[in-house]
Amino acid sequence: MAAKVDELTEEVIELRQEEILEFCGRNDEKIREIETHFQAKIIPRGNELRIYGPREEVGRAVRMIKEIIAASRGEGRRLSTRHVGRIAESVRRGQTARALLDLAIPTGIRHHVISPMTNGQRQYVEAMRRSDIVFAIGPAGTGKTYLAMAMAVAGLIKGVVRRLILVRPAVEAGEKLGYLPGDMIAKVDPFLRPLYDALYEMMEAERIRSHLENGIIEVAPLAYMRGRTLNTAYVILDEAQNTTIEQMKMFLTRLGFDSKAVITGDITQIDLAADRESGLVHVQRLLAGIEGIEFVLLDRHDVVRHELVQKIIEAYEHEAASRKAKEEKKDER
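Just so you know, the sequence shown maps onto residues 1 to 333 in my numbering.
In short, the hints are calculated from the structure, not lab data. Mixed in with the good hints, there may be bad ones.
[Claimed, not checked] With a straight-line Cα cutoff of 25 Å, these simulated SDA-like cross-link-like pairs (lysine to any residue) come out:
#1 K158 / K66
#2 K158 / A140
#3 K324 / E294
#4 K66 / G141
#5 K66 / I43
#6 K41 / D28
#7 K158 / K41
#8 K41 / A104
#9 K311 / K249
#10 K158 / D271
#11 K249 / H211
#12 K249 / E294
#13 K329 / L308
#14 K330 / K311
#15 K326 / V304
#16 K311 / R122
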């Protein structure tokens, strides 16, 4: 039902000149992004933003804008158009912008902070702050590795931990390391490259090189963890769906004093042999309910990559559900 004329309202937010330019974005792209999530029109005039539309919609948009501006003033935070859009989407689902912005994670690059963009990501960040071992399970693009890396870098910068250890199993689509060209470093580097990519977004290149040389940051295949005890370290195990039960046990028992571990994976993309159960699948049954260990399940609503990624995941999920239904119907016959 269309809103009546007397239900329409207009509110004005006054900003500084530099804040208007930053908030609106290039060609007002941030404003246009907010408008796609609210039934309200946002018009910049001089140092003001005029928000016009149904009273409830205007109220939500104004509260969100004020919370974003307050975060920018207090911490010098700059949000991308995509980030603003994801916050607006979460606000539409009942979250507050403040709840997401308060969980901002500082990085080693000036003015660059990382905030959760969805309710699932908010729960994930809260779990990492609260517990020493956190499992994040979900599809590609949900920020599992990225947010874990951000928390690890923040812990290193604050001095909460002395080392950052990034680990991946060297298993991809059934390939064997022995068949790949080059020495051992050359063989494992492609498997670890995604971890480097995230790291270089959060720290200056020179500092990363120095930390790698001094052993403060270590990137290694899972096999290198055997026999070690990791004290005062932030340890991330990525692509954990490709660990065996034995490898997962080995990794979890490496954790020493004053250390944290985050284990990430997508159980819909397991590259192990068909007769091997994934350690990530097994551990959900084994460790559920233990205090100090948390499992966070992310889904397609938490995807923060290109919007088509979410649609791709939905298509695969639909196909899998249809196939399962057909198999169950076949078994009933």
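Here's how the hints hold up against the structure:
A threshold of 25 Å between alpha carbons decides the hint, and for K158 with K66 the separation of about 29 Å lies outside it, so the pair is violated. Taking the CA atoms of K158 and A140, the gap is near 29 Å; set against the 25 Å cutoff, the hint is violated. About 29 Å separates the Cα atoms of K324 and E294, which puts this hinted pair outside 25 Å; it is violated. Of the supplied pair hints, the one linking K66 and G141 is violated, its CA atoms being roughly 29 Å apart against a limit of 25 Å.
Proposed proximity of K66 and I43 is supported: the alpha carbons are some 15 Å apart, at most 25 Å. The hinted pair formed by K41 and D28 meets the criterion: a straight-line CA distance of about 12 Å does not exceed 25 Å. At most 25 Å may separate the alpha-carbon atoms for a hinted pair to count; K158 and K41 exceed this at roughly 42 Å. About 28 Å separates the Cα atoms of K41 and A104, which puts this hinted pair outside 25 Å; it is violated.
Distance check on the hinted pair: K311 and K249 sit about 35 Å apart at the alpha-carbon level, beyond 25 Å; violated. For the proposed pair K158 and D271, the alpha carbon gap of about 37 Å is over 25 Å, so the pair is violated. In summary, the hint linking K249 to H211 is not supported, as the alpha carbons are separated by about 28 Å, beyond the 25 Å threshold. For a cut-off of 25 Å, the pair hint linking K249 to E294 stands: about 16 Å separates their Cα positions.
Restraint check: the Cα-Cα separation between K329 and L308 comes to about 32 Å, which exceeds 25 Å; the hinted pair is violated. Distance check on the hinted pair: K330 and K311 sit about 29 Å apart at the alpha-carbon level, beyond 25 Å; violated. In summary, the hint linking K326 to V304 is not supported, as the alpha carbons are separated by about 32 Å, beyond the 25 Å threshold. A C-alpha spacing of about 22 Å is found between K311 and R122, which places the hinted pair at or below 25 Å, so the restraint holds.
Going through the hint list in order, the structure does not satisfy hints 1, 2, 3, 4, 7, 8, 9, 10, 11, 13, 14 and 15.
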